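2 protein chains.
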Amino acid sequence: MSEPVAKQNLSAEQWAEAALDAMASSGLEAVSVEPLARRLGVTKGSFYWHFANRDALVRAALELWERHETTDAIALVRDEPDPYERIVKLFKRANTSHRAGRLYLALAAASDDPAVGAVVQRVSAQRLAYLQQSYQALGLNEHDARLWSTFAYATFIGNQQVHRDAPEQFPSGTEFREYFKLMLRTLIPHGLAAVAPIQNAEHPHVVSLHKTVES
Amino acid sequence: MSEPVAKQNLSAEQWAEAALDAMASSGLEAVSVEPLARRLGVTKGSFYWHFANRDALVRAALELWERHETTDAIALVRDEPDPYERIVKLFKRANTSHRAGRLYLALAAASDDPAVGAVVQRVSAQRLAYLQQSYQALGLNEHDARLWSTFAYATFIGNQQVHRDAPEQFPSGTEFREYFKLMLRTLIPHGLAAVAPIQNAEHPHVVSLHKTVES
DNA sequence: TTCAATCAGTACGCCAGCGTATGCTGCAAG
DNA sequence: CTTGCAGCATACGCTGGCGTACTGATTGAA
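For the protein sequence lines, the chains are A and B, in the order given.
Counting in our numbering, the first sequence runs from 156 upward without gaps.
Counting in our numbering, the second sequence runs from 156 upward without gaps.
Hints were generated in silico from the structure; no laboratory data involved.
Among these hints, one or two may not hold up.
When chains are identical, the list treats them as one kind, so a pair holds in a single copy or across two.
In the SDA-like style, the derived pairs of lysine to any residue whose C-alpha atoms are separated by at most 20 Å in a straight line are [stated by the list, open to error]:
id: 1; residue 1: K336; residue 2: N296
id: 2; residue 1: K199; residue 2: I343
id: 3; residue 1: K336; residue 2: E297
id: 4; residue 1: K336; residue 2: V243
id: 5; residue 1: K336; residue 2: N208
id: 6; residue 1: K244; residue 2: F331
id: 7; residue 1: K244; residue 2: T225
id: 8; residue 1: K336; residue 2: R248
id: 9; residue 1: K247; residue 2: L258
id: 10; residue 1: K336; residue 2: H298
id: 11; residue 1: K244; residue 2: L191
In this text the structure is predicted, and so the values were computed from the model without any measurement.
Please construct the entire structure, taking both the sequences and the accompanying hints into account.
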């Protein structure tokens, strides 16, 4: 993001972080050794000291990303016993963290690459699983929770996409806050159980609000 | 899509279509002259007869894509006077046409390129505008229609993304049909709209609101 | 038949990015 | 101070894709 800051003695992780930066702003293809070295103010000689080849760098970056994503999610989770608030927090983060969003989109776009695809799939699956779990904690049965969580997750991702691809059209400022509220009250079937915070995903007295669908 | 079919006398449009195929399956970077020529069973000599350079091919492909997207949308529109059914049809198409979805995602991923970005933005804006218009026809005021249409569009896009990035997790078969219905009845505030125009987009079923964000 | 336009093939130079080999420098242990 | 090694620089060869110049081949009209 900045100029060739002539840092001394880079570490492998710094290379990986730089690779993630490059991805976030210009996609996986932008993770190329010589340009990256230039941006870091060194030459290839340094790179091939820390990594066997470009692929190794990509792998390291992916690993870093996956770790970040999972630990970040966990960190966001730990302190929040109320499932409703948990989901709200996840929404918030998804619609706030700009770099994380672009990173996800960049990696997802490159998921033809089997290495990338595998990581993207794991991260997606983990997010979805956690969302579903939160919806169940809200009082939905497993099936409905799966539908709603997929719905909500798709909307997360879609917002990032629209925000990037049509920034002019995407709500901002006050309107965004309204938009956000609309999504919240639409995507979280409240009025359900959330009154008393539930610690375990056991379904209490649950009335099926949006009744399970059937043809 | 198939093997080097040794066709005779390709046209520029065939090159452009092939370019779109390449994009859909492997991104913009895959639109490279020599590989494309191989896939088409010819050599570069042919290509540079039809196009000045690679950029011209990309531009032609983009033009083709934009035309397809707009005419397709219009074609889908013209015969359907009922706004509800119009939106349903758009939903259906968004969740059905696999190639179109991948194409959009590929182009969106490459929207750093200013030429690509401009087209993506125009197409997105047009889709959003049409969706908003349909929501207004449902009886929502302009503002609410804008919020709901953005919401719905983001969900469209997000579905494509999730379907591509986590195909295992995405509903399919019967479950998909349920999922689809859930989205429809959640994202289209019918019931309230069709008869009497409504100015406030309150969800009719929803009773109480958790106090949402600190806003 | 001729010939000109249209389309494709061949051969070449160029460049960016990858990877390798090897040389240079500073710093810390002996 | 010298030795060793971590960290980076330099120089080189290789490949793939771009673009150019030129040479065929086919076809339809004069």
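Alpha-carbon proximity context of K336 and R248, limit 20 Å: within (14 Å within a copy, 28 Å between copies)
Go through the copies and call it for K247 and L258: within, between, both or neither, with a Cα cutoff of 20 Å. within (17 Å within a copy, 29 Å between copies)
Since the copies are identical, ignore which copy is meant and state whether K336 and N208 lie within 20 Å (CA to CA) inside a copy, between copies, both or neither. neither (47 Å within a copy, 48 Å between copies)
Between K244 and L191, at a C-alpha cutoff of 20 Å, which is it: within one copy, between copies, both, or neither? neither (34 Å within a copy, 46 Å between copies)
Copy assignment of K244 with T225, given that the CA separation must stay at most 20 Å: Answer is within; shortest intra-copy Cα gap is 15 Å, inter-copy 37 Å.
Could you figure out if K336 and V243 sit no more than 20 Å apart (CA to CA) within one copy, between two copies, both or neither? So K336 and V243 pass the 20 Å test inside one copy only (10 Å; across, 24 Å).
Under a CA distance limit of 20 Å, which applies to K336 and N296: within one copy, between copies, both, or neither? Only across copies: K336 and N296 sit 18 Å apart there, 24 Å inside one copy, limit 20 Å.
Since the copies are identical, ignore which copy is meant and state whether K336 and H298 lie within 20 Å (CA to CA) inside a copy, between copies, both or neither. Between copies, since 14 Å is at most 20 Å while 25 Å is not.
20 Å Cα cut-off: does K199 pair with I343 within a copy, between copies, both or neither? Classified as neither; 50 Å inside a copy, 55 Å across copies.
Between the shortest in-copy and the shortest cross-copy C-alpha distance, which are at most 20 Å for K336 and E297: within, between, both, or neither? between (25 Å within a copy, 18 Å between copies)
Is it within a copy, between copies, both, or neither that the alpha carbon of K244 lies no farther than 20 Å from that of F331? Within one copy, since 16 Å is at most 20 Å while 27 Å is not.
In terms of the numbered hints stated before, the structure departs from hints 2, 5, 11, listed from lowest to highest.
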